[in-house]
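Please build the complete structure, drawing on both the sequences and the hints.
So the protein lines, in turn, are chains P and D. Just so it is clear: in the first sequence, position 187 is 187 by full-length UniProt numbering, and no numbers are missing. Just so it is clear: in the second sequence, position 186 is 186 by full-length UniProt numbering, and no numbers are missing.
Please note that the accuracy of each hint is not assured.
Which copy is meant is left open, so a pair is good if it fits within one copy or across any two.
[What the hints assert, rightly or not] With a straight-line Cα cutoff of 27 angstroms, these simulated DSS-like cross-link-like pairs (lysine-lysine) come out:
#1 LYS21 <-> LYS165
#2 LYS195 <-> LYS276
#3 LYS128 <-> LYS328
#4 LYS244 <-> LYS17
#5 LYS53 <-> LYS28
#6 LYS53 <-> LYS21
#7 LYS165 <-> LYS22
These are calculated hints, taken from the structure and not from any lab test.
2 protein chains.
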Amino acid sequence: MRIIIIGFGVIGRGLAKVLYKKREFLRKNYGDFNVVAIADRSGAIIGEDIDLKRAIEVKEKSGKIINYPGIEKSSLEVIKDVDADVVVEVTPSNLDTGEPARTHIIESFKHGKHVVTANKGPLALYFKELMETAKRYNKIFKFEASVGGAMPIINLAKETLAGNKIISIRGILNGTTNYILTKMEEGLDFETVLKEAKELGIAETNPYQDISGLDTAAKIVILANAIMGLNKTIKDVKVRGIEKITPEALFLANKRGYTIKLIGEIVNGYLIVEPKLIPINSPLNVKGTLNVAMFETDLAKEVVVVGRGAGAEETASAILSDLISIKKMIENES
Amino acid sequence: MRIIIIGFGVIGRGLAKVLYKKREFLRKNYGDFNVVAIADRSGAIIGEDIDLKRAIEVKEKSGKIINYPGIEKSSLEVIKDVDADVVVEVTPSNLDTGEPARTHIIESFKHGKHVVTANKGPLALYFKELMETAKRYNKIFKFEASVGGAMPIINLAKETLAGNKIISIRGILNGTTNYILTKMEEGLDFETVLKEAKELGIAETNPYQDISGLDTAAKIVILANAIMGLNKTIKDVKVRGIEKITPEALFLANKRGYTIKLIGEIVNGYLIVEPKLIPINSPLNVKGTLNVAMFETDLAKEVVVVGRGAGAEETASAILSDLISIKKMIENES
Numbered sequence: 001m002r003i004i005i006i007g008f009g010v011i012g013r014g015l016a017k018v019l020y021k022k023r024e025f026l027r028k029n030y031g032d033f034n035v036v037a038i039a040d041r042s043g044a045i046i047g048e049d050i051d052l053k054r055a056i057e058v059k060e061k062s063g064k065i066i067n068y069p070g071i072e073k074s075s076l077e078v079i080k081d082v083d084a085d086v087v088v089e090v091t092p093s094n095l096d097t098g099e100p101a102r103t104h105i106i107e108s109f110k111h112g113k114h115v116v117t118a119n120k121g122p123l124a125l126y127f128k129e130l131m132e133t134a135k136r137y138n139k140i141f142k143f144e145a146s147v148g149g150a151m152p153i154i155n156l157a158k159e160t161l162a163g164n165k166i167i168s169i170r171g172i173l174n175g176t177t178n179y180i181l182t183k184m185e186e187g188l189d190f191e192t193v194l195k196e197a198k199e200l201g202i203a204e205t206n207p208y209q210d211i212s213g214l215d216t217a218a219k220i221v222i223l224a225n226a227i228m229g230l231n232k233t234i235k236d237v238k239v240r241g242i243e244k245i246t247p248e249a250l251f252l253a254n255k256r257g258y259t260i261k262l263i264g265e266i267v268n269g270y271l272i273v274e275p276k277l278i279p280i281n282s283p284l285n286v287k288g289t290l291n292v293a294m295f296e297t298d299l300a301k302e303v304v305v306v307g308r309g310a311g312a313e314e315t316a317s318a319i320l321s322d323l324i325s326i327k328k329m330i331e332n333e334s
Numbered sequence: 001m002r003i004i005i006i007g008f009g010v011i012g013r014g015l016a017k018v019l020y021k022k023r024e025f026l027r028k029n030y031g032d033f034n035v036v037a038i039a040d041r042s043g044a045i046i047g048e049d050i051d052l053k054r055a056i057e058v059k060e061k062s063g064k065i066i067n068y069p070g071i072e073k074s075s076l077e078v079i080k081d082v083d084a085d086v087v088v089e090v091t092p093s094n095l096d097t098g099e100p101a102r103t104h105i106i107e108s109f110k111h112g113k114h115v116v117t118a119n120k121g122p123l124a125l126y127f128k129e130l131m132e133t134a135k136r137y138n139k140i141f142k143f144e145a146s147v148g149g150a151m152p153i154i155n156l157a158k159e160t161l162a163g164n165k166i167i168s169i170r171g172i173l174n175g176t177t178n179y180i181l182t183k184m185e186e187g188l189d190f191e192t193v194l195k196e197a198k199e200l201g202i203a204e205t206n207p208y209q210d211i212s213g214l215d216t217a218a219k220i221v222i223l224a225n226a227i228m229g230l231n232k233t234i235k236d237v238k239v240r241g242i243e244k245i246t247p248e249a250l251f252l253a254n255k256r257g258y259t260i261k262l263i264g265e266i267v268n269g270y271l272i273v274e275p276k277l278i279p280i281n282s283p284l285n286v287k288g289t290l291n292v293a294m295f296e297t298d299l300a301k302e303v304v305v306v307g308r309g310a311g312a313e314e315t316a317s318a319i320l321s322d323l324i325s326i327k328k329m330i331e332n333e334s
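Given below as structure tokens:
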């Protein structure tokens with residue numbers, strides 16, 4: 001399968017590392033996954049089977065893949081001109097405009113490419129348009145990595161729970177805030193924990209989207225649309241973040257057998273993100289940076305899944321499972 | 001899709017109930033699932049679209065589907081003679097011989113039918129033969145319901161975690177023993193709990209397979225073969241049951257922050273079932289009849305899934321997801 005990678009930040013390089021390190025394993029079990037183009041803001045590398053090890057080194061040393069050496073070609077031109085089966089869209093997420101990912105994805109479909117993305121922005125803002133465009137051009141669109149990182153969630157609900165009516169979904173979908181709350185439960189104050197989380201690379205330099213609940217909101221929009229067939233955007237979510245949670249609140253909750261978690265939930269068509277009291281022995285009480293999701297269904301009843309919501313390899317794991325799924329589908333067709 | 005149901009006990013009827021109750025939902029989302037034959041030991045019903053409600057009523061009232069009215073035809077004859085896409089094999093599990101399910105499954109492949117089963121016996125004893133036969137006749141073979149009931153496990157590992165190397169699997173795969181241990185943790189003794197579990201229908205009249213660990217052993221054989229590509233049979237499992245666990249042992253474990261669970265595990269190619277000390281706050285510490293599985297993988301790292309391991313609707317949920325998956329595959333091909 002011929003793959004274009006658009007965006008070569010932590011996630012793009014994480015995927016490249018996995019495709020490189022697991023090349024033989026993948027070939028043996030699923031066949032070839034060849035990266036035929038990589039684009040970042042500096043330009044693009046194009047080739048029949050790009051040397052991923054070198055591409056990663058060049059990017060990490062110089063910040064620009066054009067030093068591979070590549071050519072001055074924009075991401076859109078790569079999407080249009082390069083012969084490939086799949087575009088992996090992993091540019092930075094923008095929750096205000098969804099761009100440039102939205103345009104990249106739509107142009108990919110128009111130019112006959114399937115798409116895999118980890119990008120929450122376009123999915124939370126333009127889900128319906130993207131799905132309709134994929135359908136119009138008869139292309140596959142997969143985005144397991146956009147919610148919950150390596151924690152199986154979208155494909156789990158759509159495939160392993162196929163046939164079930166999903167009644168509700170609730171979960172912890174942001175590892176940064178879960179880490180902060182877990183540490184605050186140990187008695188540290190918000191500012192101290194946040195500083196530590198930034199130093200450890202768990203929180204971004206600007207952690208506003210995590211702490212305000214906006215990141216979780218984008219994710220439950222994706223779940224509501226993809227799994228429950230709703231037509232929501234991020235404006236439909238009632239959002240409250242964890243800014244006002246104190247170690248004292250957690251201490252008091254603990255004393256009564258509860259903890260406090262930033263929960264995203266979809267119940268009766270309503271999308272809500274807010275800190276909630278959760279019983280200590282609830283399956284939703286997972287610690288540190290872990291993510292968790294609980295599905296309530298008509299046949300399987302409750303199903304809970306726990307996994308790592310972030311990390312380069314973990315996100316690559318979700319992207320890879322989507323790529324393998326597409327590979328199986330297109331081989332089955334031909 | 002045309003379906004034959006072989007075996008019309010609790011699981012077969014559970015599937016029929018779900019297909020009947022969710023007929024419109026399924027039609028709208030996935031298309032038609034028509035049952036064209038049902039066989040039990042008394043005979044068979046054959047028809048273009050069997051009235052499942054009536055079939056269930058007749059079986060539950062008289063114990064014999066031949067009173068539908070049906071005809072005197074054996075399961076094997078039905079498999080050979082009736083035109084269908086898929087055979088659902090749900091006769092009682094036999095862990096000594098794997099029969100009659102093994103023959104039913106093999107004959108289904110030979111007669112051009114895909115197979116879905118919930119039957120542990122043939123899978124734990126003749127996995128390789130069954131997979132090879134399916135391959136030889138180019139048929140699909142799915143068995144999500146054989147392990148963990150409604151808890152997603154086999155398809156989760158093979159699809160949502162595709163691309164990962166599964167390093168180890170450990171879990172609680174038997175709801176009856178988990179219920180007994182949970183109740184004993186509350187101070188009740190083994191015999192009292194077992195009696196109660198039988199009365200509630202949680203334990204079978206002869207719960208030997210559950211308590212001895214044999215049921216769990218069969219399930220980890222299936223996981224080892226299906227997910228990790230090993231070639232094991234039930235004879236390869238080191239098995240110890242929960243017969244010797246006392247409320248006192250649980251009390252002492254609790255005092256030190258542990259509980260005792262019957263854990264099945266596959267680590268470094270070894271298959272072991274035994275009661276193990278598990279930290280109270282471990283994700284493996286799930287209560288009551290719940291099942292849990294923890295995968296250790298190279299990319300996604302740890303993934304945990306919790307769900308209901310038994311129950312007619314829950315098992316039907318897993319069978320249904322396999323049927324939907326086959327429907328999508330054969331429609332994609334044609």
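Verification of the supplied hints:
| no. | hint | verdict |
| --- | --- | --- |
| 1 | LYS21 <-> LYS165 | between (39 angstroms within a copy, 12 angstroms between copies) |
| 2 | LYS195 <-> LYS276 | within (24 angstroms within a copy, 39 angstroms between copies) |
| 3 | LYS128 <-> LYS328 | both (25 angstroms within a copy, 23 angstroms between copies) |
| 4 | LYS244 <-> LYS17 | neither (39 angstroms within a copy, 49 angstroms between copies) |
| 5 | LYS53 <-> LYS28 | within (20 angstroms within a copy, 47 angstroms between copies) |
| 6 | LYS53 <-> LYS21 | within (9 angstroms within a copy, 54 angstroms between copies) |
| 7 | LYS165 <-> LYS22 | between (37 angstroms within a copy, 10 angstroms between copies) |
In summary, the structure is inconsistent with hint 4 from the numbered list given earlier, while agreeing with all the others.
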